[in-house]
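**Student:** Sequences are here, hints too, so could you generate the full structure?
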Amino acid sequence: DQQVKQNSPSLSVQEGRISILNCDYTNSMFDYFLWYKKYPAEGPTFLISISSIKDKNEDGRFTVFLNKSAKHLSLHIVPSQPGDSAVYFCAASGSGGSNYKLTFGKGTLLTVNP
Amino acid sequence: GAGVSQSPSNKVTEKGKDVELRCDPISGHTALYWYRQSLGQGLEFLIYFQGNSAPDKSGLPSDRFSAERTGGSVSTLTIQRTQQEDSAVYLCASSLGRWQETQYFGPGTRLLVL
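Chains A and B, in that order, are what the protein sequence lines are.
Under the numbering used here, think of the first position of the first sequence as 1, with each following residue one higher.
Under the numbering used here, think of the first position of the second sequence as 1, with each following residue one higher.
Careful, some of the hints might be misleading.
Unchecked claim - Reference excerpt, derived from the structure (chain B facing chain A, CB under 10 Å, subset only):
(1) 4
(2) 28
(3) 31
(4) 35
(5) 48
(6) 56
(7) 78
(8) 97
(9) 104
Stated by the list, open to error - Below are the SDA-like pairs computed for lysine to any residue, each with C-alpha atoms no more than 20 Å apart in a straight line:
(10) B:57 - A:99
(11) A:101 - B:61
(12) A:106 - B:96
(13) A:101 - B:102
Said to hold, decoys possible - Far from chain B, some chain A residues (derived; all Cβ distances over 10 Å):
(14) 6
(15) 7
(16) 16
(17) 17
(18) 45
(19) 49
(20) 53
(21) 69
(22) 79
(23) 85
(24) 98
(25) 101
(26) 103
Don't read these hints as lab results, they were simulated from the structure.
Small disclaimer: the values here were computed from a predicted structure and weren't measured.
Here a beta-carbon is modelled for each residue, glycine too, at the ideal position from N, C-alpha and C.
**Tutor:** Encoded structure:
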């Protein structure tokens with residue numbers, strides 16, 4: 001069973017507009033969430049994270065929102081730029097002895113059109 | 001500074017052969033991870049090394065897979081008697097320690113088993 005789900009395989013937005021990438025999780029033990037960005041032929045690059053004690057974390061153009069009751073998080077990119085075009089992975093880890101294990105979603109391909 | 005490096009970047013092998021994949025973590029990082037990304041899937045945790053502690057091998061899919069980490073630095077992932085379903089991108093990551101530390105990924109090794 002897939003514990004982290006990214007239901008949109010792809011998303012296309014215009015440059016300058018907002019990109020919203022969504023992620024749902026099923027495991028209530030997850031308490032730390034991350035977004036990674038991946039360009040072709042490169043490894044994933046850490047983008048932003050959020051702990052379950054917060055509902056929002058912001059870093060420049062990137063903001064992550066967490067809704068624990070809905071087990072949902074989203075990544076907002078404002079304004080979107082063509083260089084943001086990449087695959088975005090949502091990941092989660094839990095508390096306790098295996099907190100190093102990241103569980104990833106399948107990714108969403110974001111295309112930002114000039 | 002130098003990031004995580006992996007070699008080879010691509011490997012084509014015949015079914016039944018053994019392969020070795022190498023990972024050089026970031027200097028000073030005590031934690032090292034291996035993940036696998038099959039086509040259209042998210043990253044799947046394989047194994048975790050932390051310092052001199054016993055590795056967490058819980059993600060290895062079969063006993064054909066093994067990994068070692070020598071001297072607390074370089075790691076080798078070995079797949080014996082490769083099967084076509086082993087075809088995937090194998091990603092290595094490292095981090096400073098254990099508690100929800102950011103994992104930095106290498107570019108991966110793309111393995112194709114014919």
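**Student:** Quick check: which numbered hints come out false for this structure?
**Tutor:** Per hint list: 2, 7, 12, 14, 18, 19, 24, 25 and 26 violated.
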